[in-house]
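Chain by chain, the residues run as shown.
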Amino acid sequence: MRSGDSTDSDYSPRGEEASGGDRTRDDSPTPRERARQLGRALLLGAMLAAIAVPILVASGESVRFASEKVFAVGALVFGFSLLGWSGSVFAGRGMENFQRHIGGRSDWSEADSRRAMTVLGSVGVGGMLGASLATMVVGSVV
Amino acid sequence: MISKRFVIKRLLLLVPVLFGVATFVFAILHLAPGDPARVIAGQRASEEFVRQVRTELGLNDPIWVQYGRFLLEAVQLEFGNSYQIQKGTPVKQILRYKLPVTLEMALYGQFLGILFGIPVGLLGAIKQDAISDHVTRIGALAGISVPIYWSGPLLILLFAQVLGWFPASGRIASTFDINPITGVITFDTLVRGNFAAFESAAMHLFLPAAVIGIYSMALISRMMRSSMLEVIRQDYMRTARAKGQGSKITILKHGFRNALIPVVTVIGIQFGTLLGGAVLTETVFGIAGIGTLLVSAIQVGDYPVVQGTVLMFAGLFTLVNLLVDVTYSYLDPRIEQ
Numbered sequence: 001m002r003s004g005d006s007t008d009s010d011y012s013p014r015g016e017e018a019s020g021g022d023r024t025r026d027d028s029p030t031p032r033e034r035a036r037q038l039g040r041a042l043l044l045g046a047m048l049a050a051i052a053v054p055i056l057v058a059s060g061e062s063v064r065f066a067s068e069k070v071f072a073v074g075a076l077v078f079g080f081s082l083l084g085w086s087g088s089v090f091a092g093r094g095m096e097n098f099q100r101h102i103g104g105r106s107d108w109s110e111a112d113s114r115r116a117m118t119v120l121g122s123v124g125v126g127g128m129l130g131a132s133l134a135t136m137v138v139g140s141v142v
Numbered sequence: 001m002i003s004k005r006f007v008i009k010r011l012l013l014l015v016p017v018l019f020g021v022a023t024f025v026f027a028i029l030h031l032a033p034g035d036p037a038r039v040i041a042g043q044r045a046s047e048e049f050v051r052q053v054r055t056e057l058g059l060n061d062p063i064w065v066q067y068g069r070f071l072l073e074a075v076q077l078e079f080g081n082s083y084q085i086q087k088g089t090p091v092k093q094i095l096r097y098k099l100p101v102t103l104e105m106a107l108y109g110q111f112l113g114i115l116f117g118i119p120v121g122l123l124g125a126i127k128q129d130a131i132s133d134h135v136t137r138i139g140a141l142a143g144i145s146v147p148i149y150w151s152g153p154l155l156i157l158l159f160a161q162v163l164g165w166f167p168a169s170g171r172i173a174s175t176f177d178i179n180p181i182t183g184v185i186t187f188d189t190l191v192r193g194n195f196a197a198f199e200s201a202a203m204h205l206f207l208p209a210a211v212i213g214i215y216s217m218a219l220i221s222r223m224m225r226s227s228m229l230e231v232i233r234q235d236y237m238r239t240a241r242a243k244g245q246g247s248k249i250t251i252l253k254h255g256f257r258n259a260l261i262p263v264v265t266v267i268g269i270q271f272g273t274l275l276g277g278a279v280l281t282e283t284v285f286g287i288a289g290i291g292t293l294l295v296s297a298i299q300v301g302d303y304p305v306v307q308g309t310v311l312m313f314a315g316l317f318t319l320v321n322l323l324v325d326v327t328y329s330y331l332d333p334r335i336e337q
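Keeping their order, the protein sequence lines are chains A and B.
The working numbering puts the first residue of the first sequence at 1, with every later residue one more than the last.
The working numbering puts the first residue of the second sequence at 1, with every later residue one more than the last.
Just so you know, the hints here were simulated from the structure itself, not pulled from any lab data.
Be a bit skeptical, because a hint or two may be false.
Stated by the list, open to error - Cross-link-like lysine-lysine pairs, in silico, DSSO-like; alpha carbons within 30 Å at most:
| no. | chain 1 | residue 1 | chain 2 | residue 2 |
| --- | --- | --- | --- | --- |
| 1 | B | LYS92 | B | LYS9 |
| 2 | B | LYS253 | B | LYS243 |
| 3 | A | LYS69 | B | LYS92 |
| 4 | B | LYS127 | B | LYS9 |
| 5 | A | LYS69 | B | LYS87 |
| 6 | B | LYS127 | B | LYS248 |
Claimed, not checked - Covered by chain A, per the in silico footprint, the following chain B stretches (three or more residues, Cβ under 8 Å):
| no. | segment |
| --- | --- |
| 7 | 88-98 |
| 8 | 178-190 |
To be verified - Calculated from the model, a selection of chain A residues having no Cβ within reach of chain B, i.e. all distances over 10 Å:
| no. | residue |
| --- | --- |
| 9 | ARG36 |
| 10 | GLY39 |
| 11 | LYS69 |
| 12 | ALA75 |
| 13 | PHE78 |
| 14 | LEU82 |
| 15 | MET95 |
| 16 | ILE102 |
We treat Cβ as the ideally placed atom computed from N, Cα and C, and that holds for glycine.
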C-alpha cells in the first residue's frame with residue numbers, strides 16, 4: 001500500500017472509529033469507577049491541604065499566610081489541570097492522528113489525557129476546599 | 001462551508017481555557033512574595049495605615065472570598081482599579097488605551113512577515129537548491145536566530161542614527177496632537193484626514209514592525225518552504241502535471257492551498273508570541289504599550305493590572321487560535337470532522 005493511501009484512510013472519521021474509538025471504549029472506566037477516582041483525588045487534595053495549613057502555622061507563620069499559600073497552591077494545580085484538560089480537548093484528536101500518521105506507539109490518547117487532568121483538577125479543588133476548612137478550624141483554635 | 005456547530009464548540013472551549021488562566025494568575029500572584037497594601041501605602045507608612053489599605057482593597061477577606069470575587073468580576077470584564085501604575089483608574093480603561101498600541105505594532109509586524117515570508121518560502125520550494133533558495137534559507141536562519149533585543153538596536157543604529165531615514169523611538173512626532181478614536185494611530189490619523197500625521201506615525205511604526213516582521217518572516221518562509229516541498233511530491237500534483245497543466249498553475253491552484261495549513265498554524269502561534277514578545281520591542285523602541293505596562297505592574301505588585309493584562313492576552317491568544325481553526329476547516333474541510 002502506498003503511503004498516501006494509508007494517510008487518507010487514517011484521517012477519515014471511519015478510520016478513527018475503527019482504530020482509536022474501540023480501544024478507548026474498552027478501556028474507559030464506568031461512571032461509578034470514575035466518580036470514586038475523582039472522590040479519592042478530592043480527598044487526597046483536601047487531606048494534603050489540611051495537613052499543610054497547621055504545619056505552616058506551627059512553624060511560626062500566621063493563619064492568614066498559611067491559608068493563602070496553601071489555597072493558592074491548590075488553585076495553581078486546579079488552573080493547570082483546567083488548561084491541560086482544554087488543551088487535550090482542543091488538540092487531542094490532532095495529536096492522536098499525528099501519532100498514528102508517524103507510526104508512534106506512545107499509547108497517549110485524548111481520553112486518557114482528559115481523565116488524568118480531571119483527576120489532577122480534583123486534587124486541586126480538594127486542596128482549595130481543604131485549605132478553607134483547615135483555616136476555619138485552625139483559626140478558631142489559634 | 002464552516003459549520004456553526006464547529007465554531008460554537010470551539011467558542012465554548014474558550015470558557016475553561018480562560019477560567020484556567022484566571023485561576024492560574026490568581027494563584028501565582030498570591031504565591032508571589034510582597035504585600036500590595038504595603039506597596040500602595042509606601043515603605044514608611046505605619047502598620048495601622050497598611051491595615052486600613054488592606055481592608056479597603058478587600059485583602060483582609062479570606063482567600064476563597066477574594067478568589068470568588070475575582071472570578072465574578074472577571075466574568076464581567078471588571079478587574080478593579082489600578083493600585084499603583086495609574087492609581088484609582090479602572091484597569092479596563094487602562095487596557096483600552098494600551099492594547100491598540102501593542103496590537104497595531106504586532107499586526108503590522110505580522111503583516112510584513114506574511115507579505116514577504118510566503119513568497120520567499122514558495123520561491124525556495126519551487127527553486128529548490130538554487131542560489132535564491134540558499135540565500136533565502138540563510139536569511140531565514142539569521143532572522144530566527146537573531147533576538148529582537150539585538151536586531152532592534154542594530155536597525156535603530158543603521159536606519160535612525162547613520163542614515164536618518166526613520167525615527168528611533170515613539171509613536172508620532174511631538175508636533176502632532178491627535179485625538180484618539182480607536183487608539184490605532186495610523187488608522188486615527190487617516191480617518192481624521194491628517195496625512196502628515198499619518199506619514200509620521202507610519203515612519204515611527206516602521207522599525208518596530210520590521211523587527212517583528214523579520215522574525216515572523218523567517219519562521220513563515222521556513223514553514224512555507226518545507227510544507228510546499230512536501231506537497232509538490234504528492235501524487236495529485238504529479239497527476240495534474242501529467243494532464244498537461246503548467247507547473248506554475250499546478251503549484252498555485254492545487255499546491256498552495258494545501259501547503260498553507262501548517263503555515264496558518266505558525267502564524268497563529270506566532271501572533272501569541274508577538275504579543276508576549278511585545279515587552280522587548282516596546283522597551284527597545286520606547287513605546288508605551290501593554291508589554292511595558294505588564295512588566296511595570298509585576299514590579300510594583302499591581303495585582304488588578306497584572307490579572308487584567310494576562311487575562312486579556314489569554315483571551316486574544318485563544319481567539320486567534322479559534323480563527324486559525326476556522327481557517328483550517330476552510331482550507332481543508334476534513335479537519336472539521
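Results for each hint:
{"no.": "1", "hint": "LYS92/B / LYS9/B", "verdict": "28 Å, holds"}
{"no.": "2", "hint": "LYS253/B / LYS243/B", "verdict": "14 Å, holds"}
{"no.": "3", "hint": "LYS69/A / LYS92/B", "verdict": "28 Å, holds"}
{"no.": "4", "hint": "LYS127/B / LYS9/B", "verdict": "42 Å, violated"}
{"no.": "5", "hint": "LYS69/A / LYS87/B", "verdict": "27 Å, holds"}
{"no.": "6", "hint": "LYS127/B / LYS248/B", "verdict": "12 Å, holds"}
{"no.": "7", "hint": "88-98", "verdict": "violated (count 0)"}
{"no.": "8", "hint": "178-190", "verdict": "violated (count 0)"}
{"no.": "9", "hint": "ARG36", "verdict": "23 Å, holds"}
{"no.": "10", "hint": "GLY39", "verdict": "21 Å, holds"}
{"no.": "11", "hint": "LYS69", "verdict": "6 Å, violated"}
{"no.": "12", "hint": "ALA75", "verdict": "4 Å, violated"}
{"no.": "13", "hint": "PHE78", "verdict": "6 Å, violated"}
{"no.": "14", "hint": "LEU82", "verdict": "3 Å, violated"}
{"no.": "15", "hint": "MET95", "verdict": "13 Å, holds"}
{"no.": "16", "hint": "ILE102", "verdict": "13 Å, holds"}
The earlier numbered hints that this structure contradicts are 4, 7, 8, 11, 12, 13 and 14.
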